[in-house]
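Protein chains in written order, with the working numbering: chain P, 1 to 385; chain V, 1001 to 1235.
Don't take each hint at face value.
Pairs of lysine-lysine residues, derived as PhoX-like cross-links and limited to a Cα-Cα distance of at most 25 Å, are as follows [to be verified]:
id: 1; chain 1: V; residue 1: 1127; chain 2: P; residue 2: 9
id: 2; chain 1: P; residue 1: 281; chain 2: P; residue 2: 15
id: 3; chain 1: P; residue 1: 150; chain 2: P; residue 2: 98
id: 4; chain 1: P; residue 1: 190; chain 2: P; residue 2: 60
id: 5; chain 1: P; residue 1: 175; chain 2: P; residue 2: 128
id: 6; chain 1: V; residue 1: 1127; chain 2: P; residue 2: 2
In silico negatives: residues of chain P with every beta carbon more than 12 Å from chain V [claimed, not checked]:
id: 7; residue: 19
id: 8; residue: 83
id: 9; residue: 117
id: 10; residue: 126
id: 11; residue: 129
id: 12; residue: 169
id: 13; residue: 195
id: 14; residue: 229
id: 15; residue: 257
id: 16; residue: 285
id: 17; residue: 293
Since the hints were derived computationally from the structure, they do not count as laboratory data.
This one's a predicted model, so the numbers in the text were calculated from it and none came from an experiment.
Just so you know, even glycine gets a beta-carbon here, dropped at the ideal spot from N, CA and C.
Chain by chain, the residues:
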Amino acid sequence: MKFINLIFKSLMRSKRRTFLILGTLVLSVFLITILQSLLATLDSVSNQSTEGNRFIVRHKSGLTQFLPISYGDYLRQQPEVIAVANSQWFGGYYQDPKNFFANFANDHTTMFTVFSDTVAGMTDAEIKEYQRDGTGCIVGQILADKFGWKVGDTIPLTGTIFPISPRLTIRGIFKARLASDENTLYFHYKLLEESVPFMKGKTGAFWVKTKTPEDLPRLSNRIDNHFANSPEETLSETENAFYLTFVKMLGNIGAIIHGVTIAVIIAITIVTIGTMSMAFKERTTEIAVLRAMGFSASRVLFLLMGEGLLLVTLGGALGIGLASLVAKILREVLGSALMFLQDFRLANETILICMGLTLAIGLISTIIPAIVATRKSIVEGLRAL
Amino acid sequence: MNQSFKAPIVHIHNLSKSYFRETLEIPVLQGLDLDIPSGGFYALMGPSGSGKTTLLNLIAGIDRPSGGVLEVCGSNLNQLDDDELASWRNQNVGFIFQNYNLIPVLNAFENVELPLLLTPLTRTQRKEKVEEALTLVNLMDRLENYPRQLSGGQEQRVAIARAIVGNPMLLVADEPTGALDAKNADEVLAMMQKLNEEFGKTILVVTHDPKAANFARHQVHLEKGVLDKTVEVNR
Ligand SMILES: Nc1ncnc2c1ncn2[C@@H]1O[C@H](COP(=O)(O)OP(=O)(O)OP(=O)(O)O)[C@@H](O)[C@H]1O
Ligand SMILES: [Mg+2]
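Chain V on its own, in the form it takes in the complex (with noise of 0.2 Å):
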């Protein structure tokens, strides 16, 4: 099956992002052109300090560009003001994070309704669809349990049905096996790719594990703001 005949749902060109201390100008980003085609499932690898997060977070729109075109799930991010990005967010992207970021005073169940609540949806409605993220990623006894009564590689899972509830096209996972031990981490991206091969998400992942990147399909390097050659992985 070959995904690259779609149309992109990123779609960078000459991208740039500098960051300003006082006056002085640090440049981050350089001239970055990049298309992930839907469906993909894309690692974003590099030294530290290279730019990942920070290329991650332009695309997922938590983050603005300096320069350059950013079009992402078929919307220009540079058009949009701030309101409209995060209903933006809410709609096409969802994060999984290194440190899975659930929110300690919620249940697992409350953690992946968060989504939902911002939707027109209906207290049954989110139920069931919070039920159905939760069954996906084998965790339907758990939906009591706070993140404390959790294991790591639980908490992910729950993290993953907090970013897959809304149903968005875009996952960006940051170091999402980082903080993991390898059974677990093993396990966290075989669900992604279960997400990416099944239900048709796009997804990119920032790791510099190299294993974890071969999880994906293919792979970015990107080396001191500057993109390197796609390399499609070979499983």
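Excised from the complex, chain P in its bound form (with noise of 0.2 Å):
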């Protein structure tokens, strides 16, 4: 510890020179780790959030059609079928437009069972008192604490899409696995059907949830055969159909992204060489002074080692600290657009890696130069001058 005032001070040498080399090297980090984050929060969204069972029935000519809310006895008769939730994005926002998130009108009975996984962990107490209300709603728990809100709480939502703009009481706080899903609000559908005249007997989208994924494909072409020729057509997509594309995609980012990160890495480790290089051989004469003092050459070793790890641990942390920044800003600024990106995070194992990454293109890229700087003789060193 008493040689940590040397190695900084060595290292802040040239200034300019090491704050270049920090700022690639925090740039650099913070590239693979924001990368490589992306990809593995792709990688849990696409992994965690399909329920094979469930898919949504929709209108054909888009998402802004609805669909009478008749269709859904049809949809219940099929064998198939356990339960069929009317759901109606409603688009609302609490206070200011800013204050963006999720919020759906859905079937107050039937959603406990279609989205058994992403409305989960209310007492069955609380699932009574919801369906009790009708104007109670349910909020996940990142919006409730985003917030600060109870359950009691009333909660005024102004509408956008529709004319409404409904007080609602929180019956209850539910949990989900992703972020994303934890970012929504509840209400009665009956609430927007009865205080919104065009929306009598209509529906977005009907969410089915069957016995087993293997009857999808089956059900879904039945489902849109029997629509196809009445004004109203269906479209049945499965959550599974959209993620499946989405997988797909992702396997060409992820090795586009782990070619970014290796060029970076590589690069950086060039870049960081020829750095350490100039730096040592400044001070050729001066190493050789230390050793002539009875500094031993791997004493010299572990000193200019520990600059350069010194370095690239700054580095890293910087880069990293930037990277969990952007990330949250991201999920906080962007994440309403994109719903993937409120699961944005650096993930503990994402951080060991690009932390050890750095490390260890420290480590090389340090060693050779150092033990070139060591290997000299002192005599040599002193005559360098």
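Build the complex from these two chains, which are given one at a time in their own frames, with help from the hints.
Right, here's the structure in full:
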């Protein structure tokens, strides 16, 4: 520890050079961390959120068209179906349009079956309370934490698509595996249907839960065929279908991200080797003086390595810190536009890998110049003046 | 006071050193014999290229001879491996260079403290010793100054403090006044004289300035790799 002052001051010898290389390191580590975290987030979203036996039935001509609620009768008649929940994106905000989060009008009974994975952790009493209160709502834990909401609070929700602004009483707070699923509010479908005249007997979509995932292709074909020649044609889409294309795309993104990561690592290693070589070379005489004084070659090697490792540790920590800051900003600012970004976090595993990579870069790029510098004989070093 | 009865601190017999340029052997020192008694103050003189620095480096244990006996401060340097030699230097030799060779990023205090970092001394003990050494060279008021904030004479005095802080038996100096003006040179040489006379340090100084050499008690002349007789200086 008594050498830390020497190591630190030696590193700060040429401040400009040190800050340049530090900046390069910070940016590289930042880039690697963000890219790898992005990949990890996409991975976890595509791995976790698919309940294989759920699909959505919506209007064939787009999400802004409505289907008759009566279609639900046919859906419920199908032998493979366990439950059906009407669902409508409400698109309201709380107090300020910037306070955006997902909010839906959903069937207040069947939704607990259909979304048993993404709306979980509520007691039976809470569920009953919610189902009893037509102006009740339930909110995800993250959302509740964000606004400091408690059960019993009344939330005014200002509509943007629909000309109503209901005041909803929180009857329960639920949990989900993904942050994006917890960042959601649900209220009674009946409230929307009864207070918005043009929604009478209409719904944006039906979420359908079947007994097994194998039922899906057959069932969705049957449904779409059944309504094929009616005025409101349907389109049945599985969550899986969406995620399958997503995962395929992910394969390519993954390859690109790993490629970029490797390229950045190689580039930063070369740059660091160059910088450290130059820094050590300038100190040839000084190193010889230290050794004349009794510093052994391995001690000097240790000091030089210490400099390199201090530099990359600093660069790595700042890079990762910057990345987690940017992740937070992405989550909070862009998370409302791109749902999956709400789950964008630096996983501990990613942080560890990136820190390990940085240290490896530091080790490799310092040890070579350090060995060269300490191999030189003392006498040669003293003559180098 | 006649010190030549004491055991020699430097004992050299038939010492030789050659450099190799590819396969070509370039002999620099040939069959040298030299004894320096403990407490001696020797000036090593001779024309440029005669091998003064080479001999000093061998005695100080930063270079290896090609052959011969080399015993310094009670150790046979030929028998020490590189790490043992490094720790031997730390305990036994203080270096003073022509260009001071202070570490520019460290202040005077930190420069002087450097050799002590290799010892088991505590921080407080180190501080005590550093201050003692800097007091001896009259630079207690310059503790926090960096080398670039010091004059050449002051820098060399910091270097002297650094050389003596670990209390080594032997001080070696290669042209210590080569970069100094006459006034500062005299001051530095007088300081070395004091270290020799009052603190009993054995000193070997390389110089081709006869005036500087007169601060020593003995003068040795090196000519084309061969030592001339040792001359006692009359003061
Ligand atoms: N690494 C080396 N390789 C080859 N020859 C060398 C090497 N180092 C020193 N020499 C030669 O050894 C001889 C003695 O050099 P040395 O530096 O000891 O001389 P010196 O007496 O100190 O000279 P000066 O007064 O100029 O400092 C010179 O001829 C020099 O060229
Ligand atoms: Mg010389």
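Evaluation of the provided hints:
1. 1127/V - 9/P: 19 Å, holds
2. 281/P - 15/P: 16 Å, holds
3. 150/P - 98/P: 21 Å, holds
4. 190/P - 60/P: The given pair, whose Cα atoms are some 24 Å apart, holds under the 25 Å limit.
5. 175/P - 128/P: 17 Å, holds
6. 1127/V - 2/P: Holds. Residue 1127/V to residue 2/P sits at ~13 Å (cutoff 25 Å).
7. 19: 15 Å, holds
8. 83: 73 Å, holds
9. 117: About 60 Å separates residue 117/P from the closest Cβ of chain V, which puts it past 12 Å; holds.
10. 126: 62 Å, holds
11. 129: At about 67 Å from chain V, residue 129/P clears the 12 Å cut-off, so the statement holds.
12. 169: 66 Å, holds
13. 195: Non-interface label stands for residue 195/P: nearest chain V Cβ at 74 Å, farther than 12 Å.
14. 229: Its Cβ never comes within 12 Å of chain V, the nearest being 85 Å, so this holds.
15. 257: 40 Å, holds
16. 285: Residue 285/P is in fact no farther than 12 Å from some Cβ atom of chain V, at 6 Å.
17. 293: Answer for residue 293/P: violated, closest chain V Cβ roughly 5 Å.
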